[in-house]
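Student: The lines below spell out each chain.
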Amino acid sequence: MRLTPLFTTFAILLTIALSISKVQASPVDTYEFRDEVTKIRFQELSKELRCPKCQNQNLADSNSPIAADLRKELYELLQQGKADIEIVNFMVDRYGEFVLYRPRVSTLTYVLWFGPAVLILLGLIVVVVIVRRKPIAKKDLELTAEQQDKLDSLINDK
Amino acid sequence: MNKLIRFLPLILVIALGVVLYRGLSLNPQDMPSALVGKTLPNFELLTLKNKANKVTQTDVTGDIVLINVWATWCPTCKYEHPYLVDIAKNPQVTLYGLNYKDDRAAAQQWLKTYEDPYVFSIFDEEGTLGLDLGVYGAPETFVIDHKGIIRKRFAGAIDTRVWRTEFEPLIAQLIEEKKQGK
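Protein chains in written order, with the working numbering: chain A, 29 to 186; chain B, 8 to 189.
Rather than coming from a laboratory, the hints here were simulated on the basis of the structure.
On a predicted model such as this, the values are computed, not experimentally measured, just so you know.
One or more hints might be untrue.
Derived EDC-like pairs (lysine to aspartate or glutamate); straight-line CA-CA distance at most 16 Å [to be verified]:
1. B:K45 to A:D121
2. B:K154 to B:D93
3. A:K100 to B:D123
4. B:K108 to A:E101
5. B:K159 to B:E173
6. B:K58 to B:D110
7. A:K75 to A:D97
8. B:K85 to B:D37
9. A:K100 to A:D89
10. B:K108 to A:D97
11. B:K58 to B:E132
12. A:K81 to B:D37
13. B:K154 to B:E184
14. B:K56 to B:E132
15. A:K100 to B:D37
16. B:K61 to B:E132
17. A:K100 to B:D139
18. A:K67 to A:E104
Please model the complete structure; the sequences and the hints are all you need to start from.
Tutor: Structural data, given as structure tokens:
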């Protein structure tokens, strides 16, 4: 097939444009996974693990060099066939409990884990106590015969 | 009893305020290293100056050791450098460098330009030892006792004030421990 120069130029420009947009849209690094499950595990773990440098981002979000390094390490550990728990332990051994966005239950994190439930429970108890406290007795609200007579006379007496 | 209950919300709010106010002055970057109390990880790397010179963890243990993580891409390392030169003159500690994810030629040039405070620098181009040490930036400084146990990790620049408050007491303690042969 013979291509006109104009068409060739257009094709080249289009290819360049597409490749640029592809670079911009792709994530920081691209890894080839041996199967879909590993890929999902990689994505899940890089969301769960926190970047030690930029503390409000997870490994998946962060552009910092250390996050890129840890993503690479995570990828390599997955390729070696390590279990999730082994990978998490590997990271915790080096960077501390800090790297876990979902901290483990320990004496240090009891308040964190159970605090909200305890607070809700306390709130419920307070509500229940207030609702049940001294229900205003109906007897006190009823009018005595005398008061009723007076009321009647007031209403009827016009 | 009833009166006390009436003040309970106020007391709770004040307590919460105190906790949150304290939180304002905490440094979130100040994290204890997961490695404090553990032995220095095993490694086998080359030195910065000599590509043929292989070093391992045994080459940097025995004395009271400081391992300073540095790189030429790190501006704070430049600020810290003169203080390291001072520390190198201190006979109580042995200062090694860990050149972290750096370019060999640039790092060698740095040491020529600014004076080399280190006994030697380990060249960790890939950051593998850095990873095992839980390094997430530079500069960082590790204190290792005479038995090769990591006793402290300090992230950030060392200067005179930091040295006095963060390092001197620990080093005095380590010297004491070494004397007693603990």
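Student: Tell me, which hint numbers fail for this structure?
Tutor: As far as the earlier hints go, 2, 3, 8 and 15 are violated by this structure, in ascending order.
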